[in-house]
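**Student:** Each protein sequence line maps, in turn, to chains A and B. If you're matching positions, the first sequence starts at 1 in the working numbering and goes up one per residue. If you're matching positions, the second sequence starts at 1 in the working numbering and goes up one per residue.
Please keep in mind that the hints were generated in silico from the structure rather than gathered at the bench. Wrong hints could be hidden among the right ones.
Derived CB-CB ranges, DEER-like [as the list claims (entries may be wrong)]:
#1 THR98(B) <-> ASP26(A): 25 to 35 Å
#2 THR98(B) <-> ALA48(A): 16 to 26 Å
#3 ILE35(B) <-> ALA203(A): 27 to 37 Å
Covered by chain A, according to a simulated footprint, are these stretches of chain B (three or more residues, beta-carbon under 8 Å) [unchecked claim]:
#4 13-21
#5 114-122
A virtual CB, placed ideally from N, CA and C, is assigned to each residue, including glycine.
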Amino acid sequence: MGRMPSPLDRTLVVMPAFNEEEAVGDVVREVFATAPGASVLVVDDGSADATARVAADAGATVLRLPINLGVGGAMRAGFKYAVERGFANVVQVDSDGQHDPRGIAELVALLDRFDLVLGARFAGVGDYRVRGPRRWAMQVLSGILSRLTKTRLTDTTSGFRASGPRAVALFARHYPSEYLGDTVESLVIASRAGLSVTQVAVAMRPRAGGVPSHNPYKAAVYLGRAAMALFVALIRPRVQLPPTEAPIVA
Amino acid sequence: MSLGTYLLGIVAALITLGVVIESLRRRHLRERHAIWWLAAGIVALIIGVFPDILGALAGFLGVAVPTNLVFFLSIAVLFLVSIQHSGELTELESETRTLAESVALQELRIRELERALAERDEQAPDARGDS
Numbered sequence: 001m002g003r004m005p006s007p008l009d010r011t012l013v014v015m016p017a018f019n020e021e022e023a024v025g026d027v028v029r030e031v032f033a034t035a036p037g038a039s040v041l042v043v044d045d046g047s048a049d050a051t052a053r054v055a056a057d058a059g060a061t062v063l064r065l066p067i068n069l070g071v072g073g074a075m076r077a078g079f080k081y082a083v084e085r086g087f088a089n090v091v092q093v094d095s096d097g098q099h100d101p102r103g104i105a106e107l108v109a110l111l112d113r114f115d116l117v118l119g120a121r122f123a124g125v126g127d128y129r130v131r132g133p134r135r136w137a138m139q140v141l142s143g144i145l146s147r148l149t150k151t152r153l154t155d156t157t158s159g160f161r162a163s164g165p166r167a168v169a170l171f172a173r174h175y176p177s178e179y180l181g182d183t184v185e186s187l188v189i190a191s192r193a194g195l196s197v198t199q200v201a202v203a204m205r206p207r208a209g210g211v212p213s214h215n216p217y218k219a220a221v222y223l224g225r226a227a228m229a230l231f232v233a234l235i236r237p238r239v240q241l242p243p244t245e246a247p248i249v250a
Numbered sequence: 001m002s003l004g005t006y007l008l009g010i011v012a013a014l015i016t017l018g019v020v021i022e023s024l025r026r027r028h029l030r031e032r033h034a035i036w037w038l039a040a041g042i043v044a045l046i047i048g049v050f051p052d053i054l055g056a057l058a059g060f061l062g063v064a065v066p067t068n069l070v071f072f073l074s075i076a077v078l079f080l081v082s083i084q085h086s087g088e089l090t091e092l093e094s095e096t097r098t099l100a101e102s103v104a105l106q107e108l109r110i111r112e113l114e115r116a117l118a119e120r121d122e123q124a125p126d127a128r129g130d131s
């Protein structure tokens, strides 16, 4: 149609989905509408409901995992698919509609300078708020990871992120499936492998199912698990960037 | 030590060894999982037959009550076996994850191939050669 070639043409939007039949269809349609040219892969993470059919009806390619692997597990499968099919970039978007797909183009635009772009929820856009101990926990985490990645990060547990070719190749091999592994540990893996990281402010919508918890006990547990994930990530041997076997063609 | 407790030690060690060897024979256990239990069974049998070894060893190590040395060694073996099992569980989970990914990627590829084939057949019904 005479449209300018855009980096979105080589971008795969990966949406991990576990029992999301209510939301996933609308999110897929919204992604197609707001990120023209991008391909959408819904990774059905062992859902018991009609997630796969709803996503396919909305026009997404559906990768059906036979067992539930968690967000990290679903994402690594998505990265592998991207490598297999020659996509340059991968954008992770939640299938519950919490991420505003209008941010996709913005994240991808920064991939010409950075390997990994995080969509940050607290950087002044949108009305997403977390208060009290959970917020402090996230701030401590962000502080440590900012030092590690040598860039100012305010929302390290964001699941809204774009990966460039080098990050895709790395994550297709190493993407943790533990709790917080897909966010915190993957950041550590990327920065220690020498990838550049940045963040961009994105609007975030309240989740369809409830609000983030402000229970101090849960916040303490969260901080503990985050510290554990960080500690383990830092004591593990650093992984090398896999050699690029063939130049990626558009 | 009465004859009863002397025999009890030997019989318990023999039963342990018997169970482990029988499991190995029936392929219920692989060698690398059986090795700790075999070692523990053999040590238990030797000490059961010659209880004086235990007393001498405890004296040499400065353990006042020889039975405590038995408890210490037993817990050490159980601990090592548990660590080994946790490690193998982690490895199995990681292998399962890789297999699940492969299954999903292949299933998607098969679905796409079937769809492409069906479309080709619709466009050229004679191309199959069996009509």
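**Student:** Between the beta carbons of THR98(B) and ALA48(A), is the distance compatible with 16 to 26 Å?
**Tutor:** At 23 Å between Cβs, range holds.
**Student:** Is the gap between the beta carbons of THR98(B) and ASP26(A) within 25 to 35 Å?
**Tutor:** Holds, at about 33 Å.
**Student:** At the C-beta level, are ILE35(B) and ALA203(A) separated by a distance inside 27 to 37 Å?
**Tutor:** 59 Å, violated
**Student:** Do three or more residues from the stretch 114-122 of chain B put their C-beta atoms closer than 8 Å to C-beta atoms of chain A?
**Tutor:** violated (count 0)
**Student:** Examine the stretch 13-21 of chain B: at least three residues should have C-beta closer than 8 Å to a C-beta of chain A.
**Tutor:** n = 0 at 8 Å, threshold three: violated.
Of the numbered hints stated above, those contradicted by the structure are hints 3, 4 and 5, listed in ascending order.
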